[in-house]
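Here is what each chain is made of, one letter per residue.
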Amino acid sequence: MAGTWGRFNITALVLGFAFLYLPILLLVIYSFNESRLVTVWAGFSTRWYVSLFSNRGLMDAAWVTARVAFISATVATVLGTMAAVALTRYTRFRGRLLFSGMVFAPLVMPEVITGLSLLLLFVAIGFDRGFMTVTLAHITFSMCFVAVVVQSRLVSFDRSLEEAAMDLGATPLRAFFQVTLPIILPAVISGWMLAFTLSLDDLVIASFTSGPGATTLPMKIYSQVRLGVTPEINAVCTILIGIVTLGVIAASVVNKRREVRRQREERLAFAG
Amino acid sequence: MRKLVSGLGGRAVIAVPYLWLFIFFLVPFFIVLKISLSQVTIAIPPYIPVFNWQDGLAGFFQKLGALSLDNYLWLADDPLYVNAYLSSLRIAAVSTLLTLLVGYPLAYGMARAPLAVRPILLMMVILPFWTSFLIRVYAWIGILKPEGLLNQFLMFLGIIDQPLVIANTTTAVYIGIVYSYLPFMVLPLYATLEKMDYSLIEAAEDLGCTPLAAFWKITFPLSLAGVLAGCMLVFIPAVGEFVIPDLLGGSGTLMIGKTLWNEFFANRDWPVSSAVAIVLLLILVLPIVYFQRAQARAQERAG
Numbered sequence: 001m002a003g004t005w006g007r008f009n010i011t012a013l014v015l016g017f018a019f020l021y022l023p024i025l026l027l028v029i030y031s032f033n034e035s036r037l038v039t040v041w042a043g044f045s046t047r048w049y050v051s052l053f054s055n056r057g058l059m060d061a062a063w064v065t066a067r068v069a070f071i072s073a074t075v076a077t078v079l080g081t082m083a084a085v086a087l088t089r090y091t092r093f094r095g096r097l098l099f100s101g102m103v104f105a106p107l108v109m110p111e112v113i114t115g116l117s118l119l120l121l122f123v124a125i126g127f128d129r130g131f132m133t134v135t136l137a138h139i140t141f142s143m144c145f146v147a148v149v150v151q152s153r154l155v156s157f158d159r160s161l162e163e164a165a166m167d168l169g170a171t172p173l174r175a176f177f178q179v180t181l182p183i184i185l186p187a188v189i190s191g192w193m194l195a196f197t198l199s200l201d202d203l204v205i206a207s208f209t210s211g212p213g214a215t216t217l218p219m220k221i222y223s224q225v226r227l228g229v230t231p232e233i234n235a236v237c238t239i240l241i242g243i244v245t246l247g248v249i250a251a252s253v254v255n256k257r258r259e260v261r262r263q264r265e266e267r268l269a270f271a272g
Numbered sequence: 001m002r003k004l005v006s007g008l009g010g011r012a013v014i015a016v017p018y019l020w021l022f023i024f025f026l027v028p029f030f031i032v033l034k035i036s037l038s039q040v041t042i043a044i045p046p047y048i049p050v051f052n053w054q055d056g057l058a059g060f061f062q063k064l065g066a067l068s069l070d071n072y073l074w075l076a077d078d079p080l081y082v083n084a085y086l087s088s089l090r091i092a093a094v095s096t097l098l099t100l101l102v103g104y105p106l107a108y109g110m111a112r113a114p115l116a117v118r119p120i121l122l123m124m125v126i127l128p129f130w131t132s133f134l135i136r137v138y139a140w141i142g143i144l145k146p147e148g149l150l151n152q153f154l155m156f157l158g159i160i161d162q163p164l165v166i167a168n169t170t171t172a173v174y175i176g177i178v179y180s181y182l183p184f185m186v187l188p189l190y191a192t193l194e195k196m197d198y199s200l201i202e203a204a205e206d207l208g209c210t211p212l213a214a215f216w217k218i219t220f221p222l223s224l225a226g227v228l229a230g231c232m233l234v235f236i237p238a239v240g241e242f243v244i245p246d247l248l249g250g251s252g253t254l255m256i257g258k259t260l261w262n263e264f265f266a267n268r269d270w271p272v273s274s275a276v277a278i279v280l281l282l283i284l285v286l287p288i289v290y291f292q293r294a295q296a297r298a299q300e301r302a303g
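Sequences listed follow chains A and B, in order. According to my numbering, the first sequence holds residues 1 to 272 in order. According to my numbering, the second sequence holds residues 1 to 303 in order.
Please note that a few of the clues may not be correct.
Derived coverage of chain A by chain B (criterion: at least 3 residues anywhere in the stretch with Cβ under 8 Å from a Cβ of chain B; other residues may be distant) [what the hints assert, rightly or not]:
1) 19 to 32
2) 74 to 86
3) 115 to 126
4) 199 to 208
The set of hints was computed from the structure by calculation and includes no laboratory data. Quick reminder that beta carbons are idealized off the backbone N, C-alpha and C, glycines included.
Whenever a hint applies, use it, and build me the whole structure from the sequences.
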């Protein structure tokens with residue numbers, strides 16, 4: 001059945017989405033508030049955005065966060081895609097149960113445990129805490145999210161395509177890069193984006209594993225929030241929300257275009 | 001039939017992520033366990049090492065005698081920790097139930113919406129999940145505090161004359177958890193509800209079932225897999241939650257994630273915070289194993 005708009009369903013949707021979006025919307029609106037008091041509207045102003053860019057500590061933290069997120073998302077995407085391929089294409093190997101356990105457990109593991117355990121590892125092997133350790137920690141937990149996203153695409157993938165490529169003489173590596181990867185690319189890209197935003201977002205694990213000189217933006221936001229709600233923080237949050245929203249929308253538009261083009265090519269191929 | 005993963009390349013595909021997770025996920029737990037059995041000291045790092053690779057086998061056995069369960073006895077002895085565990089479990093359970101109550105109608109509405117708008121609705125549920133967790137919790141501070149937007153609004157409507165005290169209470173923690181984890185509940189619920197065959201309900205209603213009875217007898221039992229998956233995805237991380245109780249909860253809100261954080265950052269007691277982590281892990285190991293089994297089963301069905 002195609003589904004219809006019932007009165008109950010519409011009410012549930014409207015209330016549900018109002019609950020999800022209203023807090024974020026209010027936060028964005030009040031970032032343009034003239035008053036220092038976050039809850040009293042005193043007219044439109046962009047002064048908090050201006051003061052933001054002269055806040056040295058915040059800008060430094062933003063730069064650290066951007067680099068950590070970029071590097072960790074890229075490495076996590078490679079490792080996570082490999083893990084996904086291993087889990088879907090290799091149904092039997094020694095220690096597979098442990099492997100799938102290690103891939104799924106970090107998804108629900110409380111962050112305080114992951115953070116503490118990684119910190120103790122870095123101390124035990126004598127790594128200096130800083131940029132490097134935060135990046136390693138972020139790679140570790142975000143690669144599991146990438147693996148799940150890519151895996152969900154790989155299971156619905158027509159495996160005979162890569163078999164055909166290999167029967168025609170392609171090496172497994174070449175078959176992967178020329179046949180499999182282009183098809184699963186949308187999932188790989190959304191995996192990368194997920195890893196990027198997870199890293200951008202993380203407070204707890206970064207607080208444990210970071211050291212002097214590697215304060216990330218969430219750590220900075222957190223220490224300021226503890227002192228009280230300020231419009232400046234609203235402004236930072238609004239910029240972050242803007243970046244993420246644009247990224248997600250752009251990615252979905254690109255995916256949609258690719259999908260349409262692929263379908264057209266398939267039709268042409270069958271017609272020809 | 002040739003396989004994509006074969007030979008050396010195939011082995012590397014397994015070995016590299018395997019090794020990475022082994023070193024950075026599994027080994028750290030044993031280090032936490034080790035340190036939880038050692039004594040605190042004023043040094044850098046602030047604990048007396050239990051085992052040392054340099055000691056050799058003789059040293060190993062000698063140190064084995066020095067292992068102490070003191071930190072665990074300390075946890076069991078101090079009602080603060082016991083209460084923090086119990087109250088974390090209670091808060092997580094109540095919030096999971098509330099998330100289910102809020103998430104189910106939303107997922108149901110999405111699954112019954114016209115086919116063309118479903119992807120847009122799905123995107124709208126996922127989008128807040130992409131925006132920072134910290135930001136979403138922070139947004140609620142401005143709404144819930146005594147002079148905040150919710151109280152202003154309710155007083156403007158004349159529903160209340162005194163501001164409600166919600167900020168820095170356990171109620172605020174419930175709101176925070178429901179809000180932050182809602183997408184985790186809605187997505188698995190939507191996935192099962194969307195696949196459901198709604199002609200079953202039509203048949204039940206044709207045979208004289210009221211819509212409500214049809215829901216309890218058909219829809220809900222058929223969506224049980226999604227309900228369980230959603231509850232696990234909310235409950236397990238919520239037990240160890242730190243940011244929400246810290247920013248929205250008050251001094252009366254005891255949660256173990258916050259206790260661990262304070263033990264580590266304020267008291268610098270690494271052995272006790274490790275013991276706190278190990279006990280938390282033991283509490284969560286059953287739901288985590290259950291979650292993994294369910295994931296693996298779902299994966300096999302799909303593949």
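Hints versus structure:
no.	hint	verdict
1	19 to 32	holds (count 8)
2	74 to 86	holds (count 6)
3	115 to 126	holds (count 7)
4	199 to 208	holds (count 6)
Of the numbered hints given earlier, the model fails none.
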